[in-house]
Structures are given as C-alpha cells and as structure tokens.
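Novice: Chains A and B are the protein sequences, given in the same order.
With this note's numbering, the residue at position 47 of the first sequence is 47, and numbering never jumps.
With this note's numbering, the residue at position 150 of the second sequence is 150, and numbering never jumps.
Everything labelled a hint here was simulated from the structure, so no lab data went into it.
C-beta atoms are modelled at their ideal positions from N, C-alpha and C, and glycine is treated no differently.
Careful: at least some of the hints might be erroneous.
Distance windows between CB atoms, simulated [stated by the list, open to error]:
1. B:LEU98 to A:GLY88: 49 to 55 angstroms
2. A:THR18 to B:LEU23: 31 to 37 angstroms
3. A:GLU117 to B:LEU40: 31 to 37 angstroms
4. B:PRO101 to A:TRP50: 47 to 53 angstroms
5. A:VAL81 to B:GLU7: 49 to 55 angstroms
6. A:SER84 to B:SER99: 49 to 55 angstroms
7. B:LEU23 to A:PRO114: 26 to 32 angstroms
8. B:GLN138 to A:PRO114: 16 to 22 angstroms
9. B:PRO175 to A:SER84: 32 to 38 angstroms
10. B:PRO83 to A:ILE106: 36 to 42 angstroms
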Amino acid sequence: MGKVKLSRDRHIQQRTPTKVDGAISAAMLSSGIGCLVIGLLTTGAVISEWLKNALNWWNPAGPLSGKTSVGVIVWLIAWAVFHSVWKGQETELKKTFTISLILIAIGFALTFPPVFEAFE
Amino acid sequence: MIHSAREFWTVFHGMVLGSLFLLSFSGVMVGLYSLRSDLLTPRGVIQRIRLLKIGTVAMAITSWLTVITGTYIVYPWYRAKPPEGVSNLLDYPRSYLLSVPNLAIFHTLGMEWKEHVAWFSPILATVVAYMIWRFGDQIADHLTLRNAIAVFFITSFSAAAIAGLFGAFIAKAAPIL
C-alpha cells in the first residue's frame with residue numbers, strides 16, 4: 001500500500017513542471033527580502049545607536065515602529081519591482097523557493113535575542 | 001471580566017485576533033494538503049480552492065490586524081516608562097519584568113523576539129493568500145508549487161505561534177491592566 005502511494009506520488013512529482021510564472025517567484029522572493037530586512041534592522045539597531053534613533057518613527061512604540069515599517073515598505077517595493085520584471089516569464093520554482101527560505105531563515109535568526117545580543 | 005480599555009485591547013489582540021489566526025491554521029492546512037487533482041473530482045477542486053481563497057485572505061487580514069494592534073496599541077502600554085518615584089511597577093510591565101530577576105527573561109528573550117518575529121507572519125500569510133488567489137487553479141496539478149506554498153504557510157504560522165506563546169507567558173507574568 002505504502003509502495004503504491006510512494007510510486008504514485010513520484011509519478012505526480014515527475015509530471016509536475018519545475019518552472020512557474022514569474023509572479024509566483026516575485027511574491028516568494030520579496031517576502032524573503034522583507035523578513036531579512038526586519039532581521040537586519042533588529043540587529044542593526046543593537047549595533048548602531050544612530051540607526052536605533054533613526055528607526056524611532058513613533059515614540060510610544062520606539063524603534064519597533066521603524067524596523068517593521070521599513071521591512072514592510074521594502075517588501076512591497078521589492079514585490080512590485082520583481083513582479084513587473086518577471087510577470088509572464090517562466091522562472092525556476094525550486095531556486096526561488098530555496099533562496100527565499102534562506103532569506104527568511106536569516107531574518108528569523110537575526111530577530112532572535114541571543115543572536116543580536118552577541119553584537120552588543 | 002474586562003474592566004478597562006487596556007484589558008479590552010489586550011484580549012482583542014491576543015485572544016480574539018491571535019487565537020483566530022492560530023486556530024484557522026489547521027483548517028486551511030488540511031485544505032491545502034488535500035488539494036490534489038488526482039484525489040478530488042473537478043468540482044471538489046473548485047470548491048476546495050474557493051474555501052482556500054476565503055481562508056487564506058481571512059488569515060492574512062487577521063494577521064495584519066494582530067500585529068498592528070499589538071505594535072501600535074498594546075506595546076506602548078507594555079513599554080511605558082514609570083515616572084520618577086513610582087515604586088509599584090505592576091502598571092509598567094516591561095519595567096516590572098526587568099526588576100524581577102526570575103521574570104526578566106520574559107522581556108529579554110520573550111518580548112524582544114516576539115515583537116519582531118511576529119511581523120513575518122502577515123508578510124508570509126499575504127504572499128500565501130496572493131498565490132492561492134492568483135494561481136489556485138494550477139496548484140491542484142502542481143505538487144511542488146503546492147508544497148512550496150505549504151512551507152510558506154507553516155513558516156507564517158510558526159512566527160505567529162512564537163509570538164502567541166510568549167505573549168501568553170508575558171500576559172501571565174505581567175498583565176497589562
């Protein structure tokens with residue numbers, strides 16, 4: 001039973017195209033960039049007092065307002081740019097997916113206190 | 001029983017919006033996992049995609065509302081500095097947590113991670129909702145794409161779960177009253 005299922009999955013996987021519309025790659029990659037920027041700014045604000053003050057867009061929420069707003073703005077700009085460049089073109093799903101996941105993982109790590117406190 | 005605006009917004013942020021997002025995850029995940037043209041009838045695929053579209057958009061909106069209310073309504077109360085001479089810090093959760101050695105970790109690890117990583121969730125949930133809306137009809141035949149979307153969706157959930165878990169611990173240790 002298990003072998004039959006595995007063989008059927010492999011068959012479906014084999015007939016699955018590896019290329020996708022560029023709009024999908026644009027959405028994936030831009031989200032990776034947005035997450036990475038939030039991570040970089042989180043660690044950057046620990047390293048640089050100037051950056052920390054510059055990101056203090058709204059005093060009650062402190063630098064968190066700037067870190068997250070810049071991350072969201074960069075994500076949306078990156079999405080718009082990649083989308084306009086890649087829309088309608090075929091792109092490699094696995095490549096874009098892998099790069100996006102790496103960017104998200106780095107972003108996750110850079111928001112983890114033991115990691116950014118290492119730069120203090 | 002809710003006694004103040006602060007309690008209302010804290011409950012709305014964590015128990016209503018946050019819980020709604022986390023609880024919706026399993027339903028959408030099952031829908032996404034079972035979205036296969038070799039397992040469903042053509043009508044079944046259409047119905048499943050329709051449900052996924054509604055589910056993922058609702059989750060993306062919920063996720064945005066959660067981080068916005070958290071960052072711009074609840075968090076300022078959490079991080080407010082006590083005025084000079086105030087000895088009872090219970091109304092200033094951040095200062096209170098940092099003043100108690102056993103509880104400081106809830107701020108230094110919990111809140112410091114939660115406040116940043118939570119924002120990954122709406123970004124990734126929006127991308128998932130977009131891909132389902134725009135390419136939903138292709139996903140049932142495209143296993144690799146479906147799996148990639150599922151990974152993004154799980155990552156979005158993980159970010160929200162980290163934030164939710166620490167939020168619950170912090171609310172227990174130093175509630176915003």
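Novice: So, for every hint listed, does it hold in this structure?
Specialist: The hints, checked one at a time:
1. Between LEU98 (chain B) and GLY88 (chain A) the beta carbon distance is about 53 angstroms. The supplied range of 49 to 55 angstroms therefore holds.
2. Separated by about 35 angstroms at the C-beta atoms, THR18 (chain A) and LEU23 (chain B) satisfy the suggested range of 31 to 37 angstroms.
3. For GLU117 (chain A) paired with LEU40 (chain B), a C-beta distance near 49 angstroms fails the hint of 31 to 37 angstroms.
4. Restraint check, PRO101 (chain B) to TRP50 (chain A): a C-beta distance of roughly 32 angstroms breaks the suggested window 47 to 53 angstroms.
5. For VAL81 (chain A) and GLU7 (chain B), the Cβ-Cβ distance of about 43 angstroms falls outside the hinted range of 49 to 55 angstroms, so the restraint is violated.
6. For SER84 (chain A) paired with SER99 (chain B), a C-beta distance near 52 angstroms keeps the hint of 49 to 55 angstroms intact.
7. For LEU23 (chain B) and PRO114 (chain A), the hinted distance range of 26 to 32 angstroms is satisfied, since their beta carbons lie about 30 angstroms from each other.
8. For the pair GLN138 (chain B) and PRO114 (chain A), the supplied restraint of 16 to 22 angstroms is violated, since their beta-carbon distance comes to about 41 angstroms.
9. For PRO175 (chain B) paired with SER84 (chain A), a C-beta distance near 47 angstroms fails the hint of 32 to 38 angstroms.
10. Checking the proposed 36 to 42 angstroms range against PRO83 (chain B) and ILE106 (chain A) shows it holds: the Cβ atoms sit about 40 angstroms from each other.
Violated hints for the displayed structure, listed by number in ascending order: 3, 4, 5, 8, 9.
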